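Each protein sequence line maps, in turn, to chains A and B. Count the first sequence with this note's numbering and you get residues 38 to 376, in order. Count the second sequence with this note's numbering and you get residues 38 to 376, in order.
The hints are simulated quantities; they were obtained by calculation from the structure and are not laboratory data. You may find that some hints are simply not true.
To be verified - Beta-carbon label-pair distances, calculated as ranges:
| # | chain 1 | residue 1 | chain 2 | residue 2 | range |
| --- | --- | --- | --- | --- | --- |
| 1 | A | ALA310 | B | VAL290 | 33 to 43 Å |
| 2 | A | HIS203 | B | GLN113 | 49 to 59 Å |
| 3 | A | THR167 | B | THR167 | 28 to 38 Å |
| 4 | B | ALA310 | A | THR94 | 48 to 58 Å |
| 5 | B | SER342 | A | MET172 | 53 to 63 Å |
| 6 | A | GLN235 | B | PRO96 | 25 to 35 Å |
| 7 | A | LEU156 | B | ARG330 | 50 to 60 Å |
| 8 | A | THR94 | B | THR359 | 25 to 35 Å |
Stated by the list, open to error - With the C-beta cut set under 8 Å, the calculated list includes, among others, these residues of chain A facing chain B:
| # | residue |
| --- | --- |
| 9 | ARG79 |
| 10 | VAL82 |
| 11 | ILE85 |
| 12 | TRP88 |
| 13 | ASN89 |
| 14 | GLY134 |
| 15 | GLN235 |
| 16 | MET263 |
Everything numeric in this text was worked out from a predicted model, so none of it was measured. The C-beta atom is built at its ideal place from N, Cα and C for all residues, glycine as well.
2 protein chains.
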Amino acid sequence: MTGGPLIDGLQYAKWSEKIFRQLREGGVDAVHVTITYHENFRETVHNIEQWNRWFETYPDLIFQGRTGSDVELARQTGRTAIFFGSQNPSCMEDDIGLVEILHTLGLRFMQLTYNNQSLLASGCYESEDTGITRMGREVIAEMNRVGLVVDMSHSGERSTLEAVEHSSRPIAITHANPASWHTALRNKSETVLRALSQSGGMLGFSVYPHHLKGGNACRLQDFCEMIARTADLMGVHQIGIGTDLCQDQPDSVVEWMRVGRWTKSIDYGEGSAAAPGFPDMPDWFSDNRHFNRISEGLKAVGMTSEEVNAVMGENWLRFFETSFGGSADQTRKVPRAAE
Amino acid sequence: MTGGPLIDGLQYAKWSEKIFRQLREGGVDAVHVTITYHENFRETVHNIEQWNRWFETYPDLIFQGRTGSDVELARQTGRTAIFFGSQNPSCMEDDIGLVEILHTLGLRFMQLTYNNQSLLASGCYESEDTGITRMGREVIAEMNRVGLVVDMSHSGERSTLEAVEHSSRPIAITHANPASWHTALRNKSETVLRALSQSGGMLGFSVYPHHLKGGNACRLQDFCEMIARTADLMGVHQIGIGTDLCQDQPDSVVEWMRVGRWTKSIDYGEGSAAAPGFPDMPDWFSDNRHFNRISEGLKAVGMTSEEVNAVMGENWLRFFETSFGGSADQTRKVPRAAE
Chain A
38 MTGGPLIDGL QYAKWSEKIF RQLREGGVDA VHVTITYHEN FRETVHNIEQ
88 WNRWFETYPD LIFQGRTGSD VELARQTGRT AIFFGSQNPS CMEDDIGLVE
138 ILHTLGLRFM QLTYNNQSLL ASGCYESEDT GITRMGREVI AEMNRVGLVV
188 DMSHSGERST LEAVEHSSRP IAITHANPAS WHTALRNKSE TVLRALSQSG
238 GMLGFSVYPH HLKGGNACRL QDFCEMIART ADLMGVHQIG IGTDLCQDQP
288 DSVVEWMRVG RWTKSIDYGE GSAAAPGFPD MPDWFSDNRH FNRISEGLKA
338 VGMTSEEVNA VMGENWLRFF ETSFGGSADQ TRKVPRAAE
Chain B
38 MTGGPLIDGL QYAKWSEKIF RQLREGGVDA VHVTITYHEN FRETVHNIEQ
88 WNRWFETYPD LIFQGRTGSD VELARQTGRT AIFFGSQNPS CMEDDIGLVE
138 ILHTLGLRFM QLTYNNQSLL ASGCYESEDT GITRMGREVI AEMNRVGLVV
188 DMSHSGERST LEAVEHSSRP IAITHANPAS WHTALRNKSE TVLRALSQSG
238 GMLGFSVYPH HLKGGNACRL QDFCEMIART ADLMGVHQIG IGTDLCQDQP
288 DSVVEWMRVG RWTKSIDYGE GSAAAPGFPD MPDWFSDNRH FNRISEGLKA
338 VGMTSEEVNA VMGENWLRFF ETSFGGSADQ TRKVPRAAE
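Isolated chain A (complex conformation) (with noise of 0.2 Å):
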């Protein structure tokens, strides 16, 4: 186990106390969870109301995180902080005044596009990406100013480089790997990861098969060396872990995450009609009780303990403790800040 904190940038698992009680086993301090894709926004609050039932049956495993000092909590009290996140602006639907009421409610992040157009960019799927639209740049400007971090995980190149340069505010790709190393759509250049370490923003590396080389046959020192070539591509205070473990999940939510609502057809993303499913995850990460493996793999390939520490944890708390306040009049907003 690391000695510092232990945050994962995003998970997407079938909730259960099973693994509510592998966070804890795994000292797993904070993650950024997926609550919503499609959904809109009552059917997100709803989403929370699932969330909110969790928080008050399991009270002892888990709390929700708003502040990045809900980490330092989450240490002390011995629980996991479960922050908020969206893979797609559904959930504030066409309407600007939803970004501060999701903050409210305790987004932490929201991605501009899942893998289509939105609103507000273009999807990495996307045959043209326009870069970001008029509302985009609003929008943009509003998660800026209520402390809600910009996630272009799922965009295209030329909408992430362009949330990059119109963000005041550093942005993440939450779960992702280097295109260099394995090309995939959902993978990024150099290019966008340059952009991404100079603006101060973080990449958290995937352990999703597609997005691994080899998928799930991908071994854990190809992975961690991985890590260490992009620690010198992007430096190693911009880059944590976003296993984007999607756990207990059933084939049907997959096909949920791909095809929502905008096709009557199927559409496989990163998958294909042979491989429909979730894939398998690679043998040395399979639940939150494994994260010890990754820190013992980043030392095998020569990070030092202080490298590993923050790759594992400090980055996402100091880009968290950073993020999700107010920006603009803080007399105003730091009576609020710890909402």
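Given chain A, work out where chain B should sit, using these hints.
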């Protein structure tokens, strides 16, 4: 001006920069504002979005109050803390999970009914008051848990007495007067007022003409004498002001308040075909600059400065401090109490 905090227990003005400045001129430290009547959840959120725009536009005049300590923050920074409330449970639809969601968004008071039967209780205009419903008991427990105050201002006698009994925390009647002073469906019996005070609840005295003996011809002295007599009945620490000020509202709004969507015909509520609109206010109280007249009036009828301070704000402040935080599992709730 009173030396203690000045808090109004209910207003539903047509808010504007003019009125926000009058709040400051009048030295109002905090006000419970009605943000929704018959609006469903999404419509209520839209009303909160409008309030967020006002908070962003007038940060030197107002901010959203969430805890009792925000009243002190208001006094320290020379602003007015705005606390949200609903005069009907339409905002929670038929979904108990929305109680916590609305509390997270800042709702601090919710009437179990307006004038009609709701899913939770009976309104004071129903011929039959069947008391708290099955769902009503569940919702009261949830409101107690999260720190959302039960307000029975518009409810029937039996429902109100049962709410006092079922609620594990003190409830409020934010805007009404004793029926023994002025008979009206909206004013409250001594039985209700005694049960309210014995349970630690609060009554806010209304300046709305339909609740006043003699209507808007009621003299300030009559109003203040009524308050002094009610202090003898309830104790001077269970009473405050709840003006029900509806400043600058067009008559179309009072029709919405009364008719909502429950009937296709007209309902005059406390008004009449001859006087369907908002009544004129008494000449001694027409806007937020006139609270000092009530303070002086209370002294003129023999109340001590300590008693006047209690009635003008200290009682509401104590009630705010003990009512807006979560009740159960403080270890989990405390980190979120500042919400």
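Hints, one by one, checked against the model:
Range check, A:ALA310 to B:VAL290: Cβ separation about 59 Å, and the 33 to 43 Å hint is violated. With their beta carbons about 37 Å apart, A:HIS203 and B:GLN113 fall outside the hinted range of 49 to 59 Å. Take A:THR167 and B:THR167: their Cβ atoms lie about 59 Å apart, and the range 28 to 38 Å is violated. In this structure the supplied range 48 to 58 Å holds for B:ALA310 paired with A:THR94, their Cβ-Cβ distance being about 54 Å.
Range check, B:SER342 to A:MET172: Cβ separation about 56 Å, and the 53 to 63 Å hint holds. Between A:GLN235 and B:PRO96 the beta carbon distance is about 33 Å. The supplied range of 25 to 35 Å therefore holds. Against the hinted window of 50 to 60 Å, the Cβ-Cβ separation of A:LEU156 and B:ARG330 comes to about 52 Å, which satisfies the hint. Take A:THR94 and B:THR359: their Cβ atoms lie about 26 Å apart, and the range 25 to 35 Å holds.
For A:ARG79, the shortest C-beta to C-beta distance to chain B is roughly 6 Å, which falls under 8 Å, so the interface hint holds. Because the smallest distance between the Cβ of A:VAL82 and any Cβ of chain B comes to about 6 Å, under 8 Å, the interface hint for this residue holds. Interface restraint check: A:ILE85 against chain B, minimum CB-CB distance 6 Å, threshold 8 Å, status holds. Checking A:TRP88 against chain B: minimum C-beta separation of about 10 Å lies over 8 Å; hint violated.
Restraint check, A:ASN89 versus chain B: the minimum CB separation of about 5 Å is within 8 Å; hint holds. At its closest, the beta carbon of A:GLY134 sits 3 Å from a beta carbon of chain B; the interface hint therefore holds under the 8 Å criterion. The interface hint given for A:GLN235 is broken, as the beta carbon of that residue sits about 31 Å from the closest beta carbon of chain B, more than 8 Å. A cut of 8 Å between beta carbons decides the hint on A:MET263: the least distance to chain B is about 37 Å, and the hint is violated.
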